[in-house]
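Chains S and P are the protein sequences, given in the same order.
For the first sequence, the numbering used here gives the first residue as 3, with consecutive numbering after it.
For the second sequence, the numbering used here gives the first residue as 3, with consecutive numbering after it.
It is worth saying that the hints were derived from the structure and are not from the lab.
Small disclaimer: the values here were computed from a predicted structure and weren't measured.
We put the CB at the ideal spot given by N, CA and C, even for glycine.
Watch out, some of these pointers could steer you wrong.
[Said to hold, decoys possible] Some but not every residue of chain P turned toward chain S, in silico, with C-beta under 10 Å:
no.	residue
1	D115
2	G119
3	A228
4	H245
5	L356
There are 2 protein chains.
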Amino acid sequence: MSDAERTPGGGSTGAGDILQLLLDGRARTKAELVHLTGLARSTVSARVDALLGAGFVAPAGEAASTGGRPPSRVAFNPGAGLIIAVDLGASHATVAVSDLSGAILSSKTRPVDIAAGPVAVLDLVVAEARALLGSLAKGDTPVVGVGIGVPGPVEHSTGRPYNPPIMPGWDRFDIPAYVQGTFAVPVLVDNDVNILALGEQTASFPDTTDLIFVKVATGIGAGIIAGGQLQRGAQGSAGDMGHVRVPHSPDSSHPAGEDRDLEDLAGGSAIAATLREQGIDAESSLDVVELVRAGNPVAIEALRQAGRDVGEVLSTVVNLLNPSVIVLGGSIARAGEHLLAGVREVVYRRSIPLATQHLAIVQSPTGERAAVLGAAVMVAREVLSPAEVDARVAAGSR
Amino acid sequence: MSDAERTPGGGSTGAGDILQLLLDGRARTKAELVHLTGLARSTVSARVDALLGAGFVAPAGEAASTGGRPPSRVAFNPGAGLIIAVDLGASHATVAVSDLSGAILSSKTRPVDIAAGPVAVLDLVVAEARALLGSLAKGDTPVVGVGIGVPGPVEHSTGRPYNPPIMPGWDRFDIPAYVQGTFAVPVLVDNDVNILALGEQTASFPDTTDLIFVKVATGIGAGIIAGGQLQRGAQGSAGDMGHVRVPHSPDSSHPAGEDRDLEDLAGGSAIAATLREQGIDAESSLDVVELVRAGNPVAIEALRQAGRDVGEVLSTVVNLLNPSVIVLGGSIARAGEHLLAGVREVVYRRSIPLATQHLAIVQSPTGERAAVLGAAVMVAREVLSPAEVDARVAAGSR
Chain S
3 MSDAERTPGG GSTGAGDILQ LLLDGRARTK AELVHLTGLA RSTVSARVDA
53 LLGAGFVAPA GEAASTGGRP PSRVAFNPGA GLIIAVDLGA SHATVAVSDL
103 SGAILSSKTR PVDIAAGPVA VLDLVVAEAR ALLGSLAKGD TPVVGVGIGV
153 PGPVEHSTGR PYNPPIMPGW DRFDIPAYVQ GTFAVPVLVD NDVNILALGE
203 QTASFPDTTD LIFVKVATGI GAGIIAGGQL QRGAQGSAGD MGHVRVPHSP
253 DSSHPAGEDR DLEDLAGGSA IAATLREQGI DAESSLDVVE LVRAGNPVAI
303 EALRQAGRDV GEVLSTVVNL LNPSVIVLGG SIARAGEHLL AGVREVVYRR
353 SIPLATQHLA IVQSPTGERA AVLGAAVMVA REVLSPAEVD ARVAAGSR
Chain P
3 MSDAERTPGG GSTGAGDILQ LLLDGRARTK AELVHLTGLA RSTVSARVDA
53 LLGAGFVAPA GEAASTGGRP PSRVAFNPGA GLIIAVDLGA SHATVAVSDL
103 SGAILSSKTR PVDIAAGPVA VLDLVVAEAR ALLGSLAKGD TPVVGVGIGV
153 PGPVEHSTGR PYNPPIMPGW DRFDIPAYVQ GTFAVPVLVD NDVNILALGE
203 QTASFPDTTD LIFVKVATGI GAGIIAGGQL QRGAQGSAGD MGHVRVPHSP
253 DSSHPAGEDR DLEDLAGGSA IAATLREQGI DAESSLDVVE LVRAGNPVAI
303 EALRQAGRDV GEVLSTVVNL LNPSVIVLGG SIARAGEHLL AGVREVVYRR
353 SIPLATQHLA IVQSPTGERA AVLGAAVMVA REVLSPAEVD ARVAAGSR
């Protein structure tokens with residue numbers, strides 16, 4: 003075997019690298035790939051054949067002939083595999099199936115109590131995924147990965163939740179191992195705010211390299227994209243905005259001199275508690291959202307103040323990371339423009355001018371579908387990475 | 003010309019990519035490079051010859067022969083170019099010359115008043131650089147780039163300072179254009195905290211991907227490395243810790259209910275002002291450092307409190323970015339362990355456990371040499387990037 007024909011995956015320009023060139027969706031001839039890569043023609047041929055064999059690329063018609071047999075073209079084949087994308091919330095589960103481009107083919111949301119524990123919830127997720135796959139009737143197409151977002155901190159490298167406050171029974175539970183009992187493929191687990199950030203970027207801000215997604219619901223958290231990359235930090239706990247202390251603000255309702263965690267001040271449960279102190283019947287985030295939608299002026303003012311408190315922390319985030327977009331999502335953020343108004347009021351006043359002059363602060367344009375989209379994109383990037391593609395191609399040729 | 007012999011720079015595996023493989027310093031034969039890249043032998047030969055012609059690589063002896071003429075090896079040649087690395091402070095300028103690996107060959111520090119303005123300061127820097135180059139007697143070796151760190155915010159893409167508070171006369175001054183009047187090469191300008199972060203990472207934490215460098219001197223700022231990349235943000239203002247508002251702390255000396263910018267509370271000038279209020283003669287950061295070194299207990303307590311205030315903001319940074327190392331530098335941080343003790347006291351108490359369990363908070367192990375080292379590394383990464391190498395090789399072959 004010559005060097006030029008060695009097994010893909012052993013060097014720095016394998017089949018996976020050829021596939022990267024095709025992920026833009028354009029069909030190309032082998033001659034075009036030779037020109038783009040500088041690889042020998044025999045090498046390109048061997049690698050394209052391997053990608054064809056593994057299904058990652060497919061024939062895509064013939065190019066215009068310059069005489070003789072017209073050269074055939076190949077293109078990325080997003081239908082070569084399916085991804086199961088899951089978004090778990092405190093009280094719902096969305097299960098979706100996407101192709102390798104992250105495009106959602108089918109999706110279903112149902113009420114689920116996350117506190118029922120990992121076995122009950124994941125059994126239901128797996129059953130729902132099987133049902134969706136059955137109804138899609140793509141029996142030959144393999145599931146190549148599973149992506150799951152959960153409402154709490156996750157050690158991304160192991161896929162285990164880590165002291166998640168609203169997920170009793172899930173602490174350190176090995177989610178990948180349990181799901182792999184049914185789907186023996188890579189299972190990636192992440193904090194829901196991280197997959198929401200990826201989903202927002204993919205759907206609505208594809209050219210933005212510095213984006214902060216902030217979820218304001220029962221709890222508060224952030225997904226941080228900086229320099230084009232999702233930032234999870236050294237242990238995967240980056241983006242924990244909910245436990246940042248908020249300075250006492252003169253226009254705040256809490257006692258002077260007392261600093262509190264942002265979540266205890268501006269999360270849905272905290273807002274409900276504030277409303278109860280004022281004699282309004284509000285038990286949860288849901289009640290708060292209903293009151294605001296019904297036009298209750300006390301609830302509306304409470305949301306605007308929550309926005310100011312979130313804005314206090316975001317003004318620090320803006321000084322530190324200089325994002326170009328801040329996206330607000332979650333049930334409290336979606337209850338009208340009141341939270342957004344409070345955030346803008348504080349951030350544009352407090353942050354440094356160089357960091358705010360081109361800063362957009364917006365409500366989530368992508369909405370709830372950002373979660374499963376982000377989970378699908380997270381898995382697609384992993385399974386289509388050069389190393390993973392090379393490994394799969396090598397395994398298929400043995 | 004066949005595709006395999008096309009001009010380097012036109013495709014995805016050019017001469018620059020070959021050079022990347024050699025940056026680890028190991029010498030390799032052309033056969034080894036063929037094996038590593040999968041490129042055709044004729045392509046590797048053409049690109050290695052181009053790199054030899056441009057001087058980026060040099061012959062590095064012969065490999066063991068398996069019969070016949072022994073194959074020759076090539077290696078990265080860090081001596082092929084020189085980099086001028088400059089660190090400007092409020093009252094000093096350090097000018098250094100490094101090779102392409104960032105290794106400092108010669109360096110000189112002299113007192114300079116940054117407030118003398120860009121023309122006076124840069125004329126002096128350029129003269130000092132010429133003198134260093136003359137004394138190194140490497141007349142044939144070209145200067146390939148200049149890196150300059152300045153004590154204030156910079157729009158990195160243009161190299162212009164942007165409203166720098168302690169650099170009167172420098173606002174929007176086109177530093178690259180002025181320096182290029184003498185050295186017609188790429189001139190990269192950055193906030194000094196960014197080059198300090200790069201220098202610390204290079205010298206002392208090469209395996210750390212999430213590192214925060216905090217400079218506490220007359221002013222306060224941070225350089226942020228997240229996911230292995232220096233993060234400058236959308237406009238280049240990331241890391242502005244000095245203007246983050248600090249919540250009032252019960253053990254703080256400032257009035258209850260009043261929040262202030264971190265720099266107005268814990269910067270060297272602010273500490274001097276606090277000491278003056280207590281009847282101690284202190285005009286500047288320098289006086290504060292002297293008092294602390296002389297064992298003045300009031301000055302020592304002021305530094306510890308400044309550390310607590312810096313720690314308040316860093317506890318937010320830790321929750322948001324989950325770094326594995328925080329490095330404290332700058333004149334105030336270097337005046338003993340007092341500031342460090344105050345920072346640790348607050349950060350380990352306030353930040354979430356998952357983010358602090360493996361977190362190291364240390365005094366700068368690299369010290370002042372981190373600045374010119376970081377400036378040199380910043381330029382080396384730029385001029386040795388595949389695109390820049392390909393462009394240089396192509397220009398040389400015309």
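Indices of hints not satisfied (ascending): 1 and 2
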